[in-house]
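Participant: Residue numbers (the working numbering), protein chains in the order written: chain H, 1 to 112; chain D, 1 to 121.
For the record, the hints were derived by calculation from the structure and aren't laboratory data.
Quantities reported herein were computed from a predicted structural model and do not represent experimental measurements.
For glycine and all other residues, C-beta sits at the position ideal for the given N, C-alpha and C.
Take the hints with a grain of salt, since some may be wrong.
[To be verified] Estimated spans, in silico, between C-beta atoms of each pair:
| no. | chain 1 | residue 1 | chain 2 | residue 2 | range |
| --- | --- | --- | --- | --- | --- |
| 1 | H | L112 | D | R65 | 40 to 48 angstroms |
| 2 | D | G26 | H | P7 | 32 to 40 angstroms |
| 3 | H | R62 | D | V102 | 27 to 35 angstroms |
| 4 | H | S28 | D | S121 | 43 to 51 angstroms |
| 5 | D | G66 | H | T5 | 26 to 34 angstroms |
[Claimed, not checked] Only part of the chain H face toward chain D is listed, based on derived beta-carbon distances under 10 angstroms:
| no. | residue |
| --- | --- |
| 6 | Q35 |
| 7 | P45 |
| 8 | T46 |
| 9 | F63 |
| 10 | Y94 |
| 11 | G105 |
[As the list claims (entries may be wrong)] Now the stretches of chain H that chain D is said to cover, found in silico as 3 or more residues with beta-carbon under 8 angstroms:
| no. | region |
| --- | --- |
| 12 | 47–61 |
| 13 | 96–104 |
Below, each chain spelled out in residue letters.
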Amino acid sequence: NFTLTQPHSVSGSPGKTVTISCTGNGGSIANNYVQWYQQRPDSAPTTVIFEDNQRPSGVPDRFSASIDRSSNSASLSISGLKTDDDADYYCQSYDANTHSWVFGGGTRLTVL
Amino acid sequence: QVQLVQSGTEVKKPGSSVKVSCQASGGFFRDNAISWVRQAPGQGLEWIGGLIPVFGTMTYAQHFRGRVTITADTSASTTYMELRSLTPEDTAVYYCVRAGGVDLSSPPDVWGQGTTVTVSS
Numbered sequence: 001n002f003t004l005t006q007p008h009s010v011s012g013s014p015g016k017t018v019t020i021s022c023t024g025n026g027g028s029i030a031n032n033y034v035q036w037y038q039q040r041p042d043s044a045p046t047t048v049i050f051e052d053n054q055r056p057s058g059v060p061d062r063f064s065a066s067i068d069r070s071s072n073s074a075s076l077s078i079s080g081l082k083t084d085d086d087a088d089y090y091c092q093s094y095d096a097n098t099h100s101w102v103f104g105g106g107t108r109l110t111v112l
Numbered sequence: 001q002v003q004l005v006q007s008g009t010e011v012k013k014p015g016s017s018v019k020v021s022c023q024a025s026g027g028f029f030r031d032n033a034i035s036w037v038r039q040a041p042g043q044g045l046e047w048i049g050g051l052i053p054v055f056g057t058m059t060y061a062q063h064f065r066g067r068v069t070i071t072a073d074t075s076a077s078t079t080y081m082e083l084r085s086l087t088p089e090d091t092a093v094y095y096c097v098r099a100g101g102v103d104l105s106s107p108p109d110v111w112g113q114g115t116t117v118t119v120s121s
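Same shape as in the complex, but just chain D:
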């Protein structure tokens, strides 16, 4: 049974960056696309971007383009999401989510436990 294990809680200052990790345990990593999704307090789910490890390609939501980078270390079965120029509006729980197939058209099937990022001066 594949599990996605994310890094711990982060508290950041406005203007700084955060890098959240997500390690896949118990299953093969390279053949599944990975997305990052966030949820601000009391709000809905928002897609940030995704990575297709087998092709090494990334795609980002327009709202985050230029401010986010998603990368992967396939040897460590780990994906990373870095968000820069943080503002208090970036305060949210960030989830990594595995797609059921090689690209993002495949439905999500495994969610990480979530990483809380708080941006405050």
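Next comes chain H alone, as it looks inside the complex:
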């Protein structure tokens, strides 16, 4: 089965840039779109990136994402860190073999 692996936590200082990785296992991450979600405590997730690198309206261009076929991974970068970016981030994709959604385990971003 296809799975996604994220680091448990990352941290950065205000104004800096952090990158969160999402590594595919058991299949190519490029086969289906990857989405990224931000989740604050006691709230539903919200989309910050869809279809690998597209930002929904209202999401600042400080958020960007890419796919690296050579490492079979996706990455979410957040530049110009703000304290408001302090949240959990999840990557998500689709497993065509099992017709299921797959989520990474989530990464806690702490803005120090």
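Given chain H, work out where chain D should sit, using these hints.
Facilitator: Only chain D this time, still in chain H's reference frame:
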């Protein structure tokens, strides 16, 4: 703007069942796949299963197969998730999530507000 409105908080005994509803307001329901996702306290997101209303087909995560049923009433733009034989490990927030297209390969685009289910004796 489509919104997914879920039913309210549930408290259940071990061994019982829970049925959570999710109504789509403000948009057409039948042409979008719907998934259910849960999040246990302090844990990550876990996909439970999905429904493709236009074909009437369902698919479930292996972990839940045999214990969950997802159904839809397209006339009421409502989907339901029933989970049976509950244990305390089923305590979680349950979300319905709409896919952006007709099948589950389409990325999620709208999330419900979540329904808290607590299983305790």
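Participant: Give me the numbers of the hints this structure contradicts, sorted from smallest to largest.
Facilitator: The structure breaks only hint 9.
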